[in-house]
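Participant: Given next are the chains, with one letter for each unit.
There are 2 protein chains.
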Amino acid sequence: MNKKGLALFMRARMRPRDSSKISLSPLAETLNRVAPDNQANQSGGRGMEPASEEGNEQTHFSCRNERPFELVKESMHSAISMNKTEVLDAVLNDFTEGYFSLSGESRKALLLSLAKEYDLNRAQVRELIKQYLGLELPKADAADEGNVGEESSLSAFYRLERNLRHALKPMYEVLFERLNTHPGGLKFLSILRADILSILAEENILSLRALDSYLKEKLGTWLSPAALELHQITWNDPASLLEKIVAYEAVHPISNLLDLKRRLGIGRRCFGYLHPAIPGEPLIFIEVALLKNVAQTIQEVLWDDPPILEHEATCALFYSISSTQPGLTGINLGKFLIKRVITLVKKDMPQISIFATLSPIPGYMQWLLSKLASQLKLAETDDATRASDQSGSSFWENILEPEEERALLNLSEECKAMKNGMEVMFNLLTTNSYTWTNSPEMLSVLKPLLMRLCARYLLQEKKRGKALDSVANFHLQNGAMVERINWMADRSEKGLRQSGGIMVNYVYRLENIEEYAQSYFSTGQIHSSDDILYYGVEA
Amino acid sequence: MNKKGLALFMRARMRPRDSSKISLSPLAETLNRVAPDNQANQSGGRGMEPASEEGNEQTHFSCRNERPFELVKESMHSAISMNKTEVLDAVLNDFTEGYFSLSGESRKALLLSLAKEYDLNRAQVRELIKQYLGLELPKADAADEGNVGEESSLSAFYRLERNLRHALKPMYEVLFERLNTHPGGLKFLSILRADILSILAEENILSLRALDSYLKEKLGTWLSPAALELHQITWNDPASLLEKIVAYEAVHPISNLLDLKRRLGIGRRCFGYLHPAIPGEPLIFIEVALLKNVAQTIQEVLWDDPPILEHEATCALFYSISSTQPGLTGINLGKFLIKRVITLVKKDMPQISIFATLSPIPGYMQWLLSKLASQLKLAETDDATRASDQSGSSFWENILEPEEERALLNLSEECKAMKNGMEVMFNLLTTNSYTWTNSPEMLSVLKPLLMRLCARYLLQEKKRGKALDSVANFHLQNGAMVERINWMADRSEKGLRQSGGIMVNYVYRLENIEEYAQSYFSTGQIHSSDDILYYGVEA
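Residue numbers (the numbering used here), protein chains in the order written: chain A, -7 to 531; chain B, -7 to 531.
Derived by calculation from the structure, the hints in this document are not laboratory data. It should be emphasised that the depicted structure is a prediction, and the values quoted were computed from it without experimental measurement. Be aware that a few hints might be false.
The list cannot tell twin chains apart, which means a pair is met if one copy fits it or any two copies do.
[Said to hold, decoys possible] Pairs of lysine-lysine, DSS-like flavour, derived with a Cα cap of 25 Å:
no.: 1; residue 1: Lys455; residue 2: Lys122
no.: 2; residue 1: Lys408; residue 2: Lys(-4)
no.: 3; residue 1: Lys339; residue 2: Lys408
no.: 4; residue 1: Lys486; residue 2: Lys253
no.: 5; residue 1: Lys122; residue 2: Lys161
no.: 6; residue 1: Lys454; residue 2: Lys(-4)
no.: 7; residue 1: Lys122; residue 2: Lys(-5)
no.: 8; residue 1: Lys458; residue 2: Lys253
no.: 9; residue 1: Lys338; residue 2: Lys454
no.: 10; residue 1: Lys486; residue 2: Lys363
no.: 11; residue 1: Lys455; residue 2: Lys339
no.: 12; residue 1: Lys122; residue 2: Lys458
no.: 13; residue 1: Lys439; residue 2: Lys339
no.: 14; residue 1: Lys411; residue 2: Lys369
no.: 15; residue 1: Lys210; residue 2: Lys411
no.: 16; residue 1: Lys338; residue 2: Lys122
no.: 17; residue 1: Lys210; residue 2: Lys339
no.: 18; residue 1: Lys161; residue 2: Lys210
no.: 19; residue 1: Lys363; residue 2: Lys458
no.: 20; residue 1: Lys208; residue 2: Lys161
no.: 21; residue 1: Lys331; residue 2: Lys65
no.: 22; residue 1: Lys65; residue 2: Lys253
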């Protein structure tokens, strides 16, 4: 290939980007993201098939022909009920292959049968429980003496508690345990759980939810962070691994090979957590830019070309963290990642003194629009029932300051005709194609307003004492602080839709990481810079 | 260093071998084996300290000064009761360091306090159990219909069963879980369990036994074979890893560097299973010799110098398997090891067609001597009570054939004076320094006898349907067959003491591995060659 041909090749778009497919549900999003693999497999499933498994010599997934449901169910039964022998490997392979061959509907039927027919033996539990109630509790105050009498009176407790623990394990636990110790089995379980989550997202089936919560707990104990290997991903890595980075990059999609190469090249770093049981596929990865200052927009990070010399960098900016396994949702794999990456970067480049992120605010617009919508609804109801005393309802809250209200209503004649500033705002923000971003007048009114409310959203909006925004919660529990919010930092369609284009810098101060994590955990306290407090909100 | 100096260095004995320290208990043996490390640490403990942890940057074990017991107990309490934050790492490090600083007695006191004071909350269990008994069991025949009524009637069951499962977890589980996800924590847990086992070997403390069985189950699920990496250990590996091989080789001790280098050199292979959470230290390793024929004595394997050219080899002989973690006793790590090693060797050297072992028979002499002793005791009692009709007792069994009996009594005048052949045999075998091995007359009588009884021991002596001999059981459950027993195959002190110098070849026939493993598992059937049947015993 000549130079020009190579340049074209490197710039060729890697995946068709179809904005209509982008969804707010992270699950649906990740399922869409693996779709190219499925199409390559020509399967007719519902986006549940695994990525192709070239890297795994011991597991062969075939999606060509659907096997008869009853046959797959039988292999599942063998996998659960068979004696623990070497032959089990063949049975487990047979079951996993059979499962992959099934359509979405058949998979659902199989999973329901697993959840219901392989549940626990309630008659046995009841029997043990009755025996347990017959035991006499030893005196608590004798516990410290450790005398022989007390020891032996406890022996019946130890025995029954042990039996009870085992009886309370559903029969399907055997299948999970066996798959976990089977080559390729952990990856299979992660796919199985992704299927379960996508079924539960459509329909709340209690037995399946109980199975899911059981499986999630198991996966959590098997995926110990201590067993995860931190690997620096470079252009020298196998294409099969780099392909996964392209497929799973969830924050800022990688458009072509040139883009990918830049993210792995000079002035950039990419680190991934690999688990030995899922080889050649990072479970989570983080992208880092080495910069002179904390970047304010994602454009300068993605298109900083040529990048600055590495020895001039003083800031390591984490600009993207993606997890690759929808089936591991809810299992915190990132916990040690940031801390370990900081340690590694600091060791390599001691001149780096600032560790910051440039992060999306995925829940901001959703929160703001639903807030506006509910207030408008309240206002309507109030209008109908008792005049227009808007402060009458205790749920009523004008989230606008008086001058903001005025400015919004004064934007145009059309705006003046509306009921209040919030209606104007709602209409502006929900018009298609984001016309407000192209009007200097609208921007001058909306910018201070959206920035102020964004600061409020990040610092004050909580759910069970924790930040409502999922990305904020992730960094705060890792010990970061909220440093700065940046206007028009992500002008992509996704950026505008999620957060009106605003992005946020979280900063990790090495000397405060543990203290901040601790205080966030125990009291929900969010540390923030003076810059943020300028917006008149306090955490 | 000149050539001569290097030669001396390579031949220098690596560990003082003190035969008086060798014990029949595998636990005591392994604890003795880690002793050199402890001595280096100058600690005054009872052989419980860990090997030095150079390879693990995040865990610093200090054994210099014993910390006050109450302080360590307090850090244990914090490690269990603290909120889940980043600060936990510091607390866990503090606890593990404190634990290592304690004397054996203080460790025991701490473990007992953990077992008793951090047990489960029995009042809470009782409360949940009462609620559970109040629930009405749904009809089993409705299970298939999946109707909404049945689903919702089960919801209370799912909830209570989940709560009950959690309530049945002892409080110390939190400590185990946290250590498992903590860098260096899995290794710490393995050392903790080694301590527990050594305490239980001396004294049966029920609460500690309950804790041990809980910890063992946890360790079993965390150490998935799928997460173990098969690594070929060579002379190019770090000295810190090779040191572990020397320290833990349990079957045929490595005498000097030359011996170690030979075991990793031409015509030899060494493979180890490494777990990512315990870096630089194989959990189990296997040594392989590439030979023309299945070796009959260990001497020819250990001293085959120079070895044959590798391309002339047709047999891969497994001559040593050692596990390195006494704290992982009872957890089957070797399950997939042999199968994976066979696959690897076969891929590298397709000309190898025979996969066999040359294995010790660690329980043979112990079984034989206790059999003889009990028969002699029975004979005495019978003598005293009712004349000399030895067949009168139903426990009486003359394990000797008439011609063997005669030959034994005819060995000398002294022998003739004894009661029967079994007494002669018992006395011959229990004289110190194994004089019988130097007498041609005694050998000619004892050889056929010991070989026949050894075949019987291997093929017929069972415990719960499985081979009594632990090494036999290991290979049989992996799918091997008993091929041949070899006279005077291991003339070392240990070999003579364990099995009268006899060793056994197990053979793995690729085409039969799964079938043999299956039939051994389900019916206890032991496959054997015609050679063995020559001794007149059948499996």
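Participant: Evaluate each hint against the coordinates.
Facilitator: Evaluation of the provided hints:
{"no.": "1", "hint": "Lys455 <-> Lys122", "verdict": "neither (41 Å within a copy, 34 Å between copies)"}
{"no.": "2", "hint": "Lys408 <-> Lys(-4)", "verdict": "neither (57 Å within a copy, 101 Å between copies)"}
{"no.": "3", "hint": "Lys339 <-> Lys408", "verdict": "neither (59 Å within a copy, 80 Å between copies)"}
{"no.": "4", "hint": "Lys486 <-> Lys253", "verdict": "within (23 Å within a copy, 61 Å between copies)"}
{"no.": "5", "hint": "Lys122 <-> Lys161", "verdict": "both (18 Å within a copy, 19 Å between copies)"}
{"no.": "6", "hint": "Lys454 <-> Lys(-4)", "verdict": "neither (53 Å within a copy, 75 Å between copies)"}
{"no.": "7", "hint": "Lys122 <-> Lys(-5)", "verdict": "neither (80 Å within a copy, 77 Å between copies)"}
{"no.": "8", "hint": "Lys458 <-> Lys253", "verdict": "neither (37 Å within a copy, 58 Å between copies)"}
{"no.": "9", "hint": "Lys338 <-> Lys454", "verdict": "neither (33 Å within a copy, 60 Å between copies)"}
{"no.": "10", "hint": "Lys486 <-> Lys363", "verdict": "within (20 Å within a copy, 80 Å between copies)"}
{"no.": "11", "hint": "Lys455 <-> Lys339", "verdict": "neither (37 Å within a copy, 57 Å between copies)"}
{"no.": "12", "hint": "Lys122 <-> Lys458", "verdict": "neither (42 Å within a copy, 35 Å between copies)"}
{"no.": "13", "hint": "Lys439 <-> Lys339", "verdict": "neither (40 Å within a copy, 66 Å between copies)"}
{"no.": "14", "hint": "Lys411 <-> Lys369", "verdict": "within (12 Å within a copy, 106 Å between copies)"}
{"no.": "15", "hint": "Lys210 <-> Lys411", "verdict": "neither (54 Å within a copy, 63 Å between copies)"}
{"no.": "16", "hint": "Lys338 <-> Lys122", "verdict": "neither (60 Å within a copy, 56 Å between copies)"}
{"no.": "17", "hint": "Lys210 <-> Lys339", "verdict": "neither (35 Å within a copy, 35 Å between copies)"}
{"no.": "18", "hint": "Lys161 <-> Lys210", "verdict": "both (12 Å within a copy, 14 Å between copies)"}
{"no.": "19", "hint": "Lys363 <-> Lys458", "verdict": "within (19 Å within a copy, 69 Å between copies)"}
{"no.": "20", "hint": "Lys208 <-> Lys161", "verdict": "both (14 Å within a copy, 17 Å between copies)"}
{"no.": "21", "hint": "Lys331 <-> Lys65", "verdict": "neither (44 Å within a copy, 29 Å between copies)"}
{"no.": "22", "hint": "Lys65 <-> Lys253", "verdict": "neither (45 Å within a copy, 53 Å between copies)"}
This entry does not satisfy hints 1, 2, 3, 6, 7, 8, 9, 11, 12, 13, 15, 16, 17, 21, 22, going by the numbered hints stated previously.
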